[in-house]
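Participant: In order, the protein sequence lines correspond to chains X and H.
Going by my numbering, the first sequence opens with residue 1, and the numbers climb by one from there.
Going by my numbering, the second sequence opens with residue 1, and the numbers climb by one from there.
None of these hints come from the bench; they were simulated from the model.
Just so we're clear, the structure is a prediction, and the values are computed from it rather than from any experiment.
A virtual CB, placed ideally from N, CA and C, is assigned to each residue, including glycine.
Don't take every hint at face value.
Between beta-carbon pairs, the in silico distance windows are [what the hints assert, rightly or not]:
1) Ala64(X) with Val98(H): 28 to 38 angstroms
2) Ala299(X) with Gly137(H): 36 to 46 angstroms
3) Glu78(X) with Asp42(H): 23 to 33 angstroms
4) Asp90(X) with Asp42(H): 30 to 40 angstroms
5) Asp42(H) with Pro283(X): 56 to 66 angstroms
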Amino acid sequence: MKPATTYPDRRDDVRLLVVDPLTPGESLRETRTTALPDFFAPGDLLVVNDAATVPASLRGRDAAGNEIEARLIAARAEDRFGAVLFGAGDWHQRTEDRPPPPALSIGARLRFGALDAEIVARAAASPRLVELRFAVGGDALWAALYRAGRPVQYSYLAHDLPLWAVQTVYAARPWAFEMPSAGRPLSWEILLALRRKGVRWASLTHAAGLSSTGDPAIDAALPLAERFDIPAATVRAVAETRARGGRVVAVGTTVVRALEGAAARAGGELRAGAGETDLVITPAFRPRVVDGILSGAHAAHESHFSLLAAFAGPERLAAAAAHAERAGFLTHELGDSMLVLPGALAPAARAAA
Amino acid sequence: MNNPIAGKGVLLTGGSRGLGRALGLALARAGARVVLVARHADELDEVVAAIRAAGGEAHAVVADVADKDATTAIAGQAAAAVGPIDVLVNNASTLGPVPLRLLLDTDCEDLERALAVNLVGPFRLTKAIAGPMVLRGGGTIVNVTSDAATEAYERWGAYGASKAALEQLGRVWAAELAGTGVRVVNVDPGEMDTRMHADAIPDADRATLADPARVAAEIVALLQAEPGPAPGARVAIRTAPGAGASTEAAVAGASP
Chain X
1 MKPATTYPDR RDDVRLLVVD PLTPGESLRE TRTTALPDFF APGDLLVVND AATVPASLRG
61 RDAAGNEIEA RLIAARAEDR FGAVLFGAGD WHQRTEDRPP PPALSIGARL RFGALDAEIV
121 ARAAASPRLV ELRFAVGGDA LWAALYRAGR PVQYSYLAHD LPLWAVQTVY AARPWAFEMP
181 SAGRPLSWEI LLALRRKGVR WASLTHAAGL SSTGDPAIDA ALPLAERFDI PAATVRAVAE
241 TRARGGRVVA VGTTVVRALE GAAARAGGEL RAGAGETDLV ITPAFRPRVV DGILSGAHAA
301 HESHFSLLAA FAGPERLAAA AAHAERAGFL THELGDSMLV LPGALAPAAR AAA
Chain H
1 MNNPIAGKGV LLTGGSRGLG RALGLALARA GARVVLVARH ADELDEVVAA IRAAGGEAHA
61 VVADVADKDA TTAIAGQAAA AVGPIDVLVN NASTLGPVPL RLLLDTDCED LERALAVNLV
121 GPFRLTKAIA GPMVLRGGGT IVNVTSDAAT EAYERWGAYG ASKAALEQLG RVWAAELAGT
181 GVRVVNVDPG EMDTRMHADA IPDADRATLA DPARVAAEIV ALLQAEPGPA PGARVAIRTA
241 PGAGASTEAA VAGASP
């Protein structure tokens, strides 16, 4: 499958592949995201990640004048962020083709425009995975990041991505270092149509980190632990939905990781509050909270694909991937969508649609 | 006492002068966590320092609401500082060049600038802030308007047209957001003793103008009222004139 190289004219009108892992007979249907509400039933719950996307890419130089790009991956303290360092070049090159940054030790100073930082820690996995302490913290650091930073860019894009283009329509706290892109096709037209149908919404905040860095040592360690915050209202909505036989549908991997990660920490019981999870969802994972997922379209070799297998099962997912491939679905941040939802194509759901 | 403002995240544009400054102080005094937006860092820092000195919480975001690229940055910095925003006050506005000109003498660029600051900026910021409010099922958006939006005052054409359009956007926002828990109201603060007013009407008798602090107190009371104004409502605040007298001072001044 090919990546989408630009954003669609309308965010809510891209191709949608609906996968029903439960219903015998028709298990795949191709439509458009504008039809999303047709596949939900009254009593279902849609859970979204309301993290806004941070301008996480900072370009600057080290003390010797070498070009550096730092991509922030995690907030650690008021003046500290985890980051991955890249060398010269820019997003037009694939990250795996970029020269590595110069060897920088703890104490090395970096300058991004007017923003100074120091390397205060390095990971054992890779010297490029560091912790940066900035010269300012709090409000001043956020102001500097919004001034100096840009959203992480992708080599397959036809043009630069501005910051507004990597936000969902419900983005609130700037926690995500890459766009929680599964929610990108959701417009208020769609969200309000879902509500009119009796589908509830709930939100959580999950600090989506980088999906890949081009450094095999770092990529092998991805996804790193990511922090989340689940409001009490969302925990209540999940409990009420399950008690009434509704389906809990996660918008994106980050929502699955937050809900299932939080439940795994508390013996299967979903609890409200902030936490951190390093849960990796494999095809063998049995979700305890989430019934279905709205996701970007993913090719079989992508890591997100194995997460989808936990919901669709390997056979139906393989059939879905083959269909998406044949039909020319577009992948990645600005691409087409896939809904994996048990019962989505059941005759009763169709009749209600 | 029920205080629905305490602990709430408030984003207030035009926070460095006039009504915005007074509203920032009043909201923080009521316990809100206030993010103030304005173009000039020094003026903004003074207001933030005054709020903090009084024991309140305030954060500064230096930005021009007319700058399209600033919208996401304003929303992001505000949410980083105080979390999801519960109240947005679109207060920043420009008169355009003063002395005010007849429409026939108004440069097209000056009309465009008035629309950019007074109409398009609030539209963009509302778009960025109302979404997460709808998702969470609650929030209030206040558009600060003017009687120049409804009366045909000579020389107030550009400003008045921008405020009339802002009010109409407010009504349509309210209609579209009905049932979501998010409320949009237009508030006309009346004629106040501010630098903007002095720029527009330099020879006005200041004794006839309202004190922005008293108007700010009325707006805070409006935000605290249950159930408060209906969505899409136009609320005209008309406090008694009294330059330099805050609500507290006015009460104290009533004693002999």
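Participant: Let me make sure I understand: some of the numbered hints might not hold for this structure. Which ones are they, in numerical order?
Facilitator: Number 1 only.
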